[in-house]
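Participant: What follows is the residue order along each chain.
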Amino acid sequence: MKYLSETALHASALGLALMAATAGAALAEKSVTIGLTADPSHLYPLAGEELSSNIIYYHLYDPLVKRSADLSFGPGLAESWENVDDTTWRFKLRDGVKFHNGNDFTADDVVFTVEKARTSIRPDLVANIASITAVDDLTVEITTPKPYAVLPNDLAELLILDSDYTTETGDEKMDLEPMGTGPYMLGEWIKEEKLTLNAFDGYWAGAPKIDTVTFRPITNPATRTAALLTGEVDVIQDLAVRDVDRVKREDGFEVVTRPSLLNVVLAMDTRAKSPTIEGDNPMVDQRVREAIARAIDTDAINKIVMNGLATPSDQFVPASHIGYAEGMSFREMYPVDIEKAKELMADAGYADGFTMTLDATNNRYVNDAQIAQALASMLAKININLQLNIMPKSNFWGYIRVPTEQSSFIMSGWDVPAGDAGSMYGALFYTRDKKEGYGQVNRGSYSNPELDELVDKADATPSIEERDQYLQEASKLLLADIPMIPVHYEQDIYAVRDGVTLEPRVDKFLWAYDMDVAE
Amino acid sequence: MFGYLLKRLIQMTLVLWVVSVIVFLMMSFTGDPVFMVVPIDATDAEIAQARRILGLDQSLLVQYWRFISSLVQGDFGNSYVFRQPAMTLILERLPATVEMVLVAMALALAVAIPLGVYAGANPESRISRTIMAGSLLGISLPGFWVGMVLIFLFAVHWGFFPSSGRGDTAEFFGLRISLLTADGWHHIILPAVTLSLATMAILLRMTRAGMMEVGRQDFMKFARAKGATRRDVLYKHGLKNALIPVITIFGLQLGDLIAFATITETIFSWPGMGKLLIDSIYRADRPVIVVYLMLVALIFVIINFLVDIVYTLIDPRITLK
Numbered sequence: 001m002k003y004l005s006e007t008a009l010h011a012s013a014l015g016l017a018l019m020a021a022t023a024g025a026a027l028a029e030k031s032v033t034i035g036l037t038a039d040p041s042h043l044y045p046l047a048g049e050e051l052s053s054n055i056i057y058y059h060l061y062d063p064l065v066k067r068s069a070d071l072s073f074g075p076g077l078a079e080s081w082e083n084v085d086d087t088t089w090r091f092k093l094r095d096g097v098k099f100h101n102g103n104d105f106t107a108d109d110v111v112f113t114v115e116k117a118r119t120s121i122r123p124d125l126v127a128n129i130a131s132i133t134a135v136d137d138l139t140v141e142i143t144t145p146k147p148y149a150v151l152p153n154d155l156a157e158l159l160i161l162d163s164d165y166t167t168e169t170g171d172e173k174m175d176l177e178p179m180g181t182g183p184y185m186l187g188e189w190i191k192e193e194k195l196t197l198n199a200f201d202g203y204w205a206g207a208p209k210i211d212t213v214t215f216r217p218i219t220n221p222a223t224r225t226a227a228l229l230t231g232e233v234d235v236i237q238d239l240a241v242r243d244v245d246r247v248k249r250e251d252g253f254e255v256v257t258r259p260s261l262l263n264v265v266l267a268m269d270t271r272a273k274s275p276t277i278e279g280d281n282p283m284v285d286q287r288v289r290e291a292i293a294r295a296i297d298t299d300a301i302n303k304i305v306m307n308g309l310a311t312p313s314d315q316f317v318p319a320s321h322i323g324y325a326e327g328m329s330f331r332e333m334y335p336v337d338i339e340k341a342k343e344l345m346a347d348a349g350y351a352d353g354f355t356m357t358l359d360a361t362n363n364r365y366v367n368d369a370q371i372a373q374a375l376a377s378m379l380a381k382i383n384i385n386l387q388l389n390i391m392p393k394s395n396f397w398g399y400i401r402v403p404t405e406q407s408s409f410i411m412s413g414w415d416v417p418a419g420d421a422g423s424m425y426g427a428l429f430y431t432r433d434k435k436e437g438y439g440q441v442n443r444g445s446y447s448n449p450e451l452d453e454l455v456d457k458a459d460a461t462p463s464i465e466e467r468d469q470y471l472q473e474a475s476k477l478l479l480a481d482i483p484m485i486p487v488h489y490e491q492d493i494y495a496v497r498d499g500v501t502l503e504p505r506v507d508k509f510l511w512a513y514d515m516d517v518a519e
Numbered sequence: 001m002f003g004y005l006l007k008r009l010i011q012m013t014l015v016l017w018v019v020s021v022i023v024f025l026m027m028s029f030t031g032d033p034v035f036m037v038v039p040i041d042a043t044d045a046e047i048a049q050a051r052r053i054l055g056l057d058q059s060l061l062v063q064y065w066r067f068i069s070s071l072v073q074g075d076f077g078n079s080y081v082f083r084q085p086a087m088t089l090i091l092e093r094l095p096a097t098v099e100m101v102l103v104a105m106a107l108a109l110a111v112a113i114p115l116g117v118y119a120g121a122n123p124e125s126r127i128s129r130t131i132m133a134g135s136l137l138g139i140s141l142p143g144f145w146v147g148m149v150l151i152f153l154f155a156v157h158w159g160f161f162p163s164s165g166r167g168d169t170a171e172f173f174g175l176r177i178s179l180l181t182a183d184g185w186h187h188i189i190l191p192a193v194t195l196s197l198a199t200m201a202i203l204l205r206m207t208r209a210g211m212m213e214v215g216r217q218d219f220m221k222f223a224r225a226k227g228a229t230r231r232d233v234l235y236k237h238g239l240k241n242a243l244i245p246v247i248t249i250f251g252l253q254l255g256d257l258i259a260f261a262t263i264t265e266t267i268f269s270w271p272g273m274g275k276l277l278i279d280s281i282y283r284a285d286r287p288v289i290v291v292y293l294m295l296v297a298l299i300f301v302i303i304n305f306l307v308d309i310v311y312t313l314i315d316p317r318i319t320l321k
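Residue numbers (my numbering), protein chains in the order written: chain A, 1 to 519; chain B, 1 to 321.
Read the hints as simulated data drawn from the structure, not as lab findings.
All C-beta atoms, glycine included, are put in the ideal place defined by N, C-alpha and C.
Careful, some of the hints might be misleading.
What the hints assert, rightly or not - Pulled from the structure, derived: some chain B residues nowhere near chain A, Cβ distances all over 12 Å:
id, residue
1, 64
2, 162
3, 269
4, 316
Said to hold, decoys possible - Pair ranges (Cβ atoms, derived):
id, chain 1, residue 1, chain 2, residue 2, range
5, A, 96, B, 145, 50 to 60 Å
6, B, 44, A, 329, 48 to 58 Å
7, B, 152, A, 137, 38 to 48 Å
8, A, 406, B, 143, 45 to 55 Å
9, B, 29, A, 436, 52 to 62 Å
10, A, 327, B, 88, 54 to 64 Å
11, A, 131, B, 152, 35 to 45 Å
12, A, 246, B, 28, 40 to 50 Å
13, B, 14, A, 167, 38 to 48 Å
14, B, 44, A, 279, 49 to 59 Å
15, A, 434, B, 302, 58 to 68 Å
16, A, 88, B, 29, 44 to 54 Å
17, B, 88, A, 167, 14 to 24 Å
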């Protein structure tokens, strides 16, 4: 009997192999090679985040709520969700989902992931979750510390781990041997050389169209362009601005651009005394802040420094976000007008201007150091003598950190992939040290009780519509009061060879599941 | 010989210790690594938690003590960024760098020695002048520029070689070596040539200078007079006596290229360890930088030791004390 069953097993295995072989002959394997700017640092989502790692994470793992390419949110590993009361949410999980190792995905995995995140280096992922319980195998109940309308958006960043596998494997090895429910499985990862992903045929949303995806880290922009032109890679991330025309001229290649979410902003100190300004701080006066806004010509920066590859920003968040104030534009409210700016300075009592220092990076944003230089010459026209203090990003974040004891004027970037202005306003504009988790990045020490109240209200309602209303009011208030000047959104630039379909995502996370290659 | 070895060992330990102290002190000025791992809107509590996980909540002195005491037990510490053992990160990238450097150095020697001997023996000839002018170019052209030009010409324009990456590798005693495959050689040529140019030029000029110096010595005339062929006079008598400074420079260049082939590696996206150093400096990843620089110091010490031994083989008058 044993003999018989073994033969049967062999026979069926042979049959499967034959079927696979014929299928393989009929349908050529599709593969794509993508040139990234850097090798991922991690394959374990709770070990840290940066762009290359994020890109790989979303191939290997899934969140409960899926964020689409244009920042709308829909079902992922959770099929549906509802509010039980103001602070309680019930998520119905998808049935029949399997991890790459064959384990079933259940409510326990979700609970495990949340608890695991709490003690990891990324507790911020679950900051708005007070408690989580598994109601049954396919239902979890999450409570938030206070009513929080955008919880599902937050959950789009929490990637679900296999509780058994992760516990067994341990944090350090998880970085090398990841295990998720995502559309791709790790093939091999040779550090700094290549990372290969193979399609996961049992993916719950259907097997991917492309069978093998190879990521190659190519740091030097010119080499990345060369690798595309020689056919070594099919897609490159971050095409250098100076190579855009060259690639467009070449036959068989296409340049794909899309405005990113990253808003480059200038934070102005609003304390009575500012670290780099002698005497009283002129920027306490809204008129001085408006004068600075009117002296900065973002179109000129776009044309001269950015080669036309930036989009001057009209508000603090893009139009797709909750809290974007319909029909308002910073550019129309404060068009470039040096005469008007000088008048405002004179009205405020600073006709002779003043001296202060701008803190900026030289390796974080596109052409950041050049933008800083352009700002210095623009502000010189209204007699502000702008000293530049430019440093690499490894020093920058610690230097400008709240309580900002060394800075008066800071250039940095901000993006909100969660699609909601609330977290940004709470972090950047809420009065410092008033409430835990608010105002922690308020580098200009801006304090306005009206704004605090609006943010509080937005964070206290379980209704998305009401939240949007409050945050729109907050946007209007901020645009009038100018605690910060929005400059521009950088553009993401990709290049692909003909035959590869790529729709860039707003959040920059290249996703091979959405891509296709012509036969 | 034993005394010599012991002296060298003590020197080495001292050098490694000094390197570790300097790097620890330097790194306290280059930014706080914790901000490289937390999101920029992290709250104080989140930052404190990250600091605790990374072991950065202790004073610098305590951190150093922890580092040294685990070092003695063979634990070199974990990278802040990768959360993996720093030594593993470096060692898995080391073979790629070493093989590229070895090819580059072999290439440099194969070109520099014959041309240098020729230019030294015939200083007035037109060919020698051309060689010397070429060597000046080799010294003065920056490596990143040469690399880009080679990629543009040989990869993009003519398509002879791939522009970047390492190609196929084969396993050899558990190491991944690309010199064992044709595809690997195909990929290594351009970066190795780029890396070798400057060293080639320096070695060539050293050889020429040495040969010109030696050429004026009496024993050269004597060798010629006793009937040795010109080739024997140049290579057996002349070159051997001109070689000591060339070997010294060779050793230093070898160490230098292994440790700091960063630029060539970045341009050709060669998966070596030089890029790791630069990335770690940008990310203030102290454990990796410390271990890297200590390893580099060790490599230099070993190379210098080998160079000393080669001296005694070339010139029997030299002994190791």
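Participant: Would you mind marking each hint as holding or not holding in the structure?
Facilitator: Now for the hints, and whether the structure bears them out:
1. Every Cβ of chain A is farther than 12 Å from the Cβ of residue 64 (chain B); the closest lies at roughly 20 Å, confirming the non-interface assignment.
2. Against the 12 Å criterion, residue 162 (chain B) falls within the reach of chain A, whose nearest CB is about 6 Å from its own CB.
3. Look at residue 269 (chain B): its CB is around 4 Å from the nearest CB on chain A, not clear of 12 Å, so calling it non-interface is violated.
4. Distance check for residue 316 (chain B) against chain A: the nearest CB is about 46 Å away, which clears 12 Å, and the non-interface claim stands.
5. Take residue 96 (chain A) and residue 145 (chain B): their Cβ atoms lie about 57 Å apart, and the range 50 to 60 Å holds.
6. Hint check: residue 44 (chain B) to residue 329 (chain A), Cβ distance near 36 Å, so the stated range 48 to 58 Å is violated.
7. In this structure the supplied range 38 to 48 Å is violated for residue 152 (chain B) paired with residue 137 (chain A), their Cβ-Cβ distance being about 59 Å.
8. The supplied range of 45 to 55 Å is broken by residue 406 (chain A) and residue 143 (chain B), whose beta-carbon atoms lie about 37 Å from each other.
9. A hinted range of 52 to 62 Å for the beta carbons of residue 29 (chain B) and residue 436 (chain A) is inconsistent with their spacing of about 32 Å.
10. Restraint check, residue 327 (chain A) to residue 88 (chain B): a C-beta distance of roughly 56 Å satisfies the suggested window 54 to 64 Å.
11. For residue 131 (chain A) and residue 152 (chain B), the Cβ-Cβ distance of about 60 Å falls outside the hinted range of 35 to 45 Å, so the restraint is violated.
12. At about 44 Å, the CB distance of residue 246 (chain A) to residue 28 (chain B) agrees with the hint of 40 to 50 Å.
13. The hinted range of 38 to 48 Å is satisfied by residue 14 (chain B) and residue 167 (chain A), whose Cβ atoms lie roughly 45 Å apart.
14. With their beta carbons about 31 Å apart, residue 44 (chain B) and residue 279 (chain A) fall outside the hinted range of 49 to 59 Å.
15. A beta carbon spacing of about 60 Å between residue 434 (chain A) and residue 302 (chain B) agrees with the range 58 to 68 Å that was offered as a hint.
16. Separation of residue 88 (chain A) from residue 29 (chain B) is about 50 Å and conforms to the stated range, judged on CB atoms against 44 to 54 Å.
17. Between residue 88 (chain B) and residue 167 (chain A) the C-beta distance comes to about 23 Å, which sits within the given range of 14 to 24 Å.
In summary, the numbered hints that this structure violates are 2, 3, 6, 7, 8, 9, 11 and 14.
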